[in-house]
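Peer 1: Chains as they are written, first to last, in the working numbering: chain A, 1 to 49; chain B, 1001 to 1712.
Just so you know, these hints were derived from the structure itself, not from any lab. One or more hints might be untrue.
To be verified - Simulated restraints, written as ranges between beta carbons of each label pair: (1) A:Asn9 <-> B:Arg1339: 54 to 60 angstroms; (2) A:Ile23 <-> B:Leu1504: 57 to 63 angstroms; (3) B:Leu1193 <-> A:Val22: 15 to 21 angstroms; (4) B:Asp1259 <-> A:Tyr10: 41 to 47 angstroms.
Think of the CB as a built atom: it goes at the ideal place given N, C-alpha and C, for glycine as much as any other residue.
Chain residues, written in single-letter form:
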Amino acid sequence: MEFIKDLWNYLRERKKWWLLPVILILLLFGVLIVLSSGSAIAPFIYTIF
Amino acid sequence: MSKPKVVKKNNQPVQNLIFKLITLVIPVFILIVFEAILRISGYGANLCLFIKNPVEGYEQYMMVNPEVGKKYFQKFEYTAPANDIFLAEKPENTFRIFVMGSSTVFGFPYERNLMFSRILHEQLEDAFPDRKIEVVNTAITAINSFTLLDFTSQILEHSPDAILIYAGHNEFYGAFGIGSNETMSRNRGLTMLHISLMDLKIYQMVRNIITVISEKIAAGSKEEVHGTLMKRMVANKDILLGSKDYNIAMERYKQNMGDILKKAGKKNVPVFLSQLVCNVNGMEPFNSIATDELEGAADVYKKAQLAEQNGDFANALELYYKAKDLDCIRFRASEDINRIVNELTEQYKAYKIPMLSVFQDNSPNKLIGNNLMTEHVHPNIDGNFLMAQAFFDGIVKSGVIGAKIEDNPYSFAYRKLNYGYHPNSYLDSLAFSAVKNKKLTLSEVRLDLAQRYEKEGQLFLAFREYDALLRINPYIAANYRDAANCLIQLADLPLALKYFQKSLEYEESGFAKFKMGEIYFFMGDYNNAIVNFEKSFPLIPDDKKLTVLVKSYIACVYGNQREKAKALAAELKRVKAEKYLIIPPKKYTFTQYIPFQTREQVETAKILILENAPDKALAILESSLQVYDSHIANRMIGEIYMGRQNYEKASSYFYNVYNQFRFDPQFLHNFAIIYLGKNDNVNARKCLEEIKLIDPEYGQLGEVNSLLSSTN
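Based on the sequences and whatever the hints tell you, model everything.
Peer 2: Put into structure tokens, the structure is as follows:
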């Protein structure tokens, strides 16, 4: 949280708003990756038999 | 004088708009530049399905990318796809097939030599000898229809003539399956977006960063992670029949497979979609949950067993399938998947492979069990052969490959007998050492074993090992040459010729060309012999060149190529090898090469014919064809039928081996008699004229001439 606060303050005070879309896109990528990181279970079945 | 009034144009809003646009474009530009930098610097993996073959000498081929699985699996090891290759530039006469699926298509739990696609490849090559057949297996274990959909566009870029699909068992627990992921897989759009974005290096980088962070967080509790996962598998992965998750998975399968068929349909590529099969009576349900609406799978399974014991097989069949569908751990596809396959093939005019009925018809009382399955879903050896047969029949029936040129006389049993490796105890011990020593691959063990057998003179065993290696990796020229070399010594010249020809598809070799020349020489095909000797000459080592010269000279003399013979004689004189100019008289020896597989039967039959017992000889020869379809046995059977004046049957056997014996005047003479017996004067005349061409000094030329005049 501290990091996000710092980042926000940096953007606001230095008026680097053009960086915001880049950060947002990377953030969205991260969310998508975390959501998709479920595990395929099927490979485990091969070790059972 | 008053100052002129200056009218100031207000540009502020336009400027603002431009600045805003620039502000918006800059981040996009930054991302594009960043992506370009990552690509140029070679960051991340190439996740395309096909890549150029990096092996020296194979640059003209594409191959299935061994790393493509990284796109779909983040945490777990996945199996690299099979090592199938295909020509980047598709030759005109090629029939190119791509096979899609998962572990079953990959041939699990066997080596790659038992993938049904390999068996099918051979079947098609046998049935369509005039076409170049390419079968490319793209299967990776534990993938499902999402991955297949992602593969489809890339497959369609490589001009397929057909796509074969056997998939559906991994819809629940495979990559992006509903049972593998609680959140993402419910949203098809997000899953597809994720798969598409994986082609971006930036996205890969973000994934790698997240993986590193999550691994650091999880460090020290690895056992717990695995334990939890296994627990989750049995405890939280229950998916009840007709539940929300179940219905979502069915819908996803239908949408993904439908999209695959739609994409292929747009490019007019025929798709052969197979029904799924699994072990129903040899596997108890993995987990059983009874509810108010649904019976427990275990109870239904017991009822099915009881019905089977009581001989009520129809009821047992129904109950076994019901038990399988009620099984809450969904490693076996439910019959709803097969219903979807039936619907989709109907809707998109795809070809349905009726795998279910094929397997049921080959199971006692139609109950598919351990007779055809190794465990829950993977077919055993017989099962893999059946799958290949089902796809073969489907392809031939569809007509997409054209009219079948050769009858495919090989039965299921015949093909199995002559395919792959038959283990013995010595191999078992070696296989054990390969399992024990993880660094040693089974292919390396087999190669060692083959070379050892060859040195010891156990050529049959050596050949079987080389042959097994070829089934594992059919693209290594050296293995074809080694196998063919054994075959020459085992007297199977036609098969040796085929293997040498195959080796040349992948690598130039003076040795292969020289040996092919020798085989053509023994067959009496001196023209082809000379051509191959000539081609081999610049490629072979200097110390062997004299042998090639001498053999070329003999072939030229025997083949009546006088000018070439003169030139070669001069060359032999120049290198002071005049002694080789004295050559033995021409003698046709090809009939003395009796392939090893049924040599004993053929020799016995020869003796029986001499003892005037053709009936017994015929019975032995006909049974020998069930073991091995040798050219010599076919010819002898034809001759027996000719002696009985059964010209119809005689001609069919002679026709089978015409290519092998077409330079034997005695064979042509007999064939002419057979044609005359069938009142086919045109073909009889052709045979007789061929005799005059290939052997003007044939001993029975007088008889040939009188036969010729009778055909006028």
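Peer 1: Starting from the hint 57 to 63 angstroms, judge whether the C-beta atoms of A:Ile23 and B:Leu1504 obey it.
Peer 2: For B:Leu1504 against A:Ile23, whose Cβ atoms are near 58 angstroms apart, the range 57 to 63 angstroms holds.
Peer 1: Indicate whether the distance between the beta carbons of A:Asn9 and B:Arg1339 respects the range 54 to 60 angstroms.
Peer 2: 59 angstroms, holds
Peer 1: Using the C-beta atoms of B:Leu1193 and A:Val22, is the stated range 15 to 21 angstroms upheld?
Peer 2: 19 angstroms, holds
Peer 1: Tell me if the beta carbons of B:Asp1259 and A:Tyr10 are separated by a distance inside 41 to 47 angstroms.
Peer 2: 45 angstroms, holds
Of the hints listed earlier, there is not a single one the structure fails to meet.
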